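Numbering of the sequence shown is given in this note's numbering, commencing with residue 85 and proceeding in unit increments.
Source of the hints: derived by calculation from the structure; they are not laboratory data.
This one's a predicted model, so the numbers in the text were calculated from it and none came from an experiment.
Among the hints, a few may not be true.
Heads up, simulated DMTMM-like pairs for lysine to aspartate or glutamate below, C-alpha to C-alpha not over 20 Å straight-line [claimed, not checked]:
{"#": "1", "residue 1": "K589", "residue 2": "E483"}
{"#": "2", "residue 1": "K453", "residue 2": "D497"}
{"#": "3", "residue 1": "K343", "residue 2": "D359"}
{"#": "4", "residue 1": "K159", "residue 2": "D169"}
{"#": "5", "residue 1": "K336", "residue 2": "D271"}
{"#": "6", "residue 1": "K159", "residue 2": "D180"}
{"#": "7", "residue 1": "K575", "residue 2": "E588"}
Label pairs and their computed distance ranges (CB to CB) [to be verified]:
{"#": "8", "residue 1": "S591", "residue 2": "L346", "range": "53 to 61 Å"}
{"#": "9", "residue 1": "P444", "residue 2": "E177", "range": "52 to 60 Å"}
{"#": "10", "residue 1": "T508", "residue 2": "H545", "range": "22 to 30 Å"}
{"#": "11", "residue 1": "A188", "residue 2": "R470", "range": "52 to 60 Å"}
{"#": "12", "residue 1": "T508", "residue 2": "L346", "range": "52 to 60 Å"}
{"#": "13", "residue 1": "R341", "residue 2": "A188", "range": "26 to 34 Å"}
Here a beta-carbon is modelled for each residue, glycine too, at the ideal position from N, C-alpha and C.
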Amino acid sequence: MSDFSPSSSPRNSTAERQADHQTPSPPPDFVVATEKTIKRWLETSALRPKLFHAPERQSDRHYYHAHNEILSPEKAHRQYMLVKDDFTKKDPEWQDDLPLFGAAAPSFHDHPLTREQEAASRRVLCVLGYTCEIDFCPLLLDLVPLLMVFLPEAVVYAVVHNMHLHRPFYFGIGHRYFLAVMAAFRDYMHRYFPATAAHMAAVGADTEDWLGLIFYRCLIPLVGHRHLLQLLELYLEDGVCFFFRFMLALFKEIKWRLKAMLLESGAMWWGQVADFTFSIDFDVKQGLTTVLTHYGTHVKRSNLDRLLAVRMSDPMERELIVKQDIEPLRLHGTTKGADGHVSILHNKRTYLKLIASFLPHHQRHRPLKMLFSSERHGRSLDTLYRACRNQQPCIILIEELRHEHVIGAFCPDPIHPEKAVSGTGAAFLFRLTRPAVRYAWVGDSTRASEERDVFQLATPHFFALGMSNDSDHPGLLIDADLDTGSSQQSKTFANLPLCGSGSEKFSIRRVEVLVLMTPAHS
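Given only the sequences and the hints, what does the whole structure look like? Please build it.
Below is the structure:
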């Protein structure tokens with residue numbers, strides 16, 4: 085039984101890994117790049133409509149970052165050669181400064197690359213690091229060499245560049261995204277194979293180090309290259325969903341074998357999985373049939389998006405934010421009045437840092453200015469509306485009386501009474517007291533969904549966030565006297581009650597509203 089480390093190459097102890105760093109040759113059944121293969125991928129498969137055109141359907145806008153440009157193979161070649169030539173003029177050895185995108189080390193030796201293909205992979209990764217400004221995405225260290233076996237150098241650049249623009253369909257960027265993906269995978273395992281999931285957790289096989297074999301390494305340590313053409317085409321068709329579907333199909337096949345083994349560590353667990361996938365007993369066609377049928381319907385993109393949104397707001401994950409190098413928001417003006425009233429945020433650097441981490445990147449450096457405080461302006465929703473007239477975006481802070489929880493909401497639209505609902509999917513709910521958490525919109529990214537969800541509803545009698553037409557349970561509601569509030573699980577944000585289970589209704593100690601000032605007014 086194999087016993088390997090997360091960073092080890094697949095099947096280190098077998099003849100597949102030739103010693104002395106000789107140029108490996110592709111296995112006999114490994115399909116190498118041909119003109120026919122390239123034509124198939126670029127013209128007849130889902131690769132061209134997904135990767136070489138901007139999304140046409142409304143529902144695809146969530147994945148496409150329209151401020152960038154989808155590259156055709158021809159335009160990609162021109163851009164790639166331009167950047168490469170510019171780098172070469174400045175430093176002939178520029179490709180030696182390889183970006184690792186968060187990976188521990190490059191993994192070219194795990195791929196059947198010629199020396200020229202390895203050099204081309206280095207060049208593509210360096211240019212991607214420059215043009216796409218990606219800080220953390222270890223998957224690229226295996227994805228680029230995989231594609232390099234099949235496709236020309238400039239086309240590999242175009243494919244990965246366009247994958248990046250379609251994020252997070254194929255992959256996301258940032259450590260938090262990958263942690264959320266792994267947490268979502270554990271959730272699926274507990275749902276479909278609870279006994280196997282419990283066994284994995286008991287031996288430590290479900291940690292980031294081990295799940296990175298899937299989501300950081302493109303399955304290379306578990307599958308090798310024998311079936312990669314089939315697997316890679318499904319990945320290009322289904323995106324990150326494919327990893328979930330394939331691994332669930334694999335565990336469906338192997339769970340009884342794992343149950344019968346005496347496995348005491350993550351290394352032994354995943355070594356046993358690799359023994360099976362590299363054996364002649366592994367029927368990849370049967371596994372892919374399961375992927376495309378049973379788990380193709382269970383692991384839907386919309387369901388995965390919702391789960392990832394919740395996992396990106398995981399309380400344990402939010403605790404890591406406090407330790408990250410994120411500058412706290414600045415407060416404009418005083419937070420301590422002459423009457424002795426002190427703002428909720430006064431001397432609360434942790435709160436300011438958390439709020440900054442919750443906000444979009446382009447708003448993190450804008451100072452906060454207080455518009456309304458119930459202790460200074462009185463307990464009146466009407467007064468709150470007048471103070472916030474024509475101000476946006478705003479942050480509502482509420483200090484709950486009994487447990488002293490500090491909860492709130494980000495409102496990108498002005499807060500004032502309207503006959504119709506307002507707001508957009510940029511709104512979110514949060515809690516600053518431990519465990520800190522942010523609940524973002526979990527809609528399906530279509531215009532119909534955005535119109536169906538009620539982000540913000542301001543009336544003379546109450547102010548509410550997070551409802552939908554088929555549910556009257558708001559994620560957060562405050563009454564006209566600012567004395568009582570409620571927080572229930574809403575479909576808009578998929579949030580838990582912000583003040584904890586059993587505390588859907590709560591008494592309010594104080595309410596504050598702050599506005600994110602524009603640079604011109606700060």
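A quick look at each hint next to the structure:
1. K589 with E483: holds (13 Å)
2. K453 with D497: holds (16 Å)
3. K343 with D359: holds (15 Å)
4. K159 with D169: holds (15 Å)
5. K336 with D271: holds (15 Å)
6. K159 with D180: Violated. K159 to D180 sits at ~26 Å, over the 20 Å cutoff.
7. K575 with E588: Given that 20 Å is the threshold and the Cα spacing comes to 15 Å, the pair holds.
8. S591 with L346: 53 to 61 Å: holds (55 Å)
9. P444 with E177: 52 to 60 Å: violated (38 Å)
10. T508 with H545: 22 to 30 Å: holds (24 Å)
11. A188 with R470: 52 to 60 Å: holds (56 Å)
12. T508 with L346: 52 to 60 Å: The hinted range 52 to 60 Å holds for T508 and L346, with Cβ atoms some 54 Å apart.
13. R341 with A188: 26 to 34 Å: Taking Cβ atoms as reference, R341 and A188 lie about 30 Å apart, which means the hint holds.
This entry does not satisfy hints 6, 9, going by the numbered hints stated previously.
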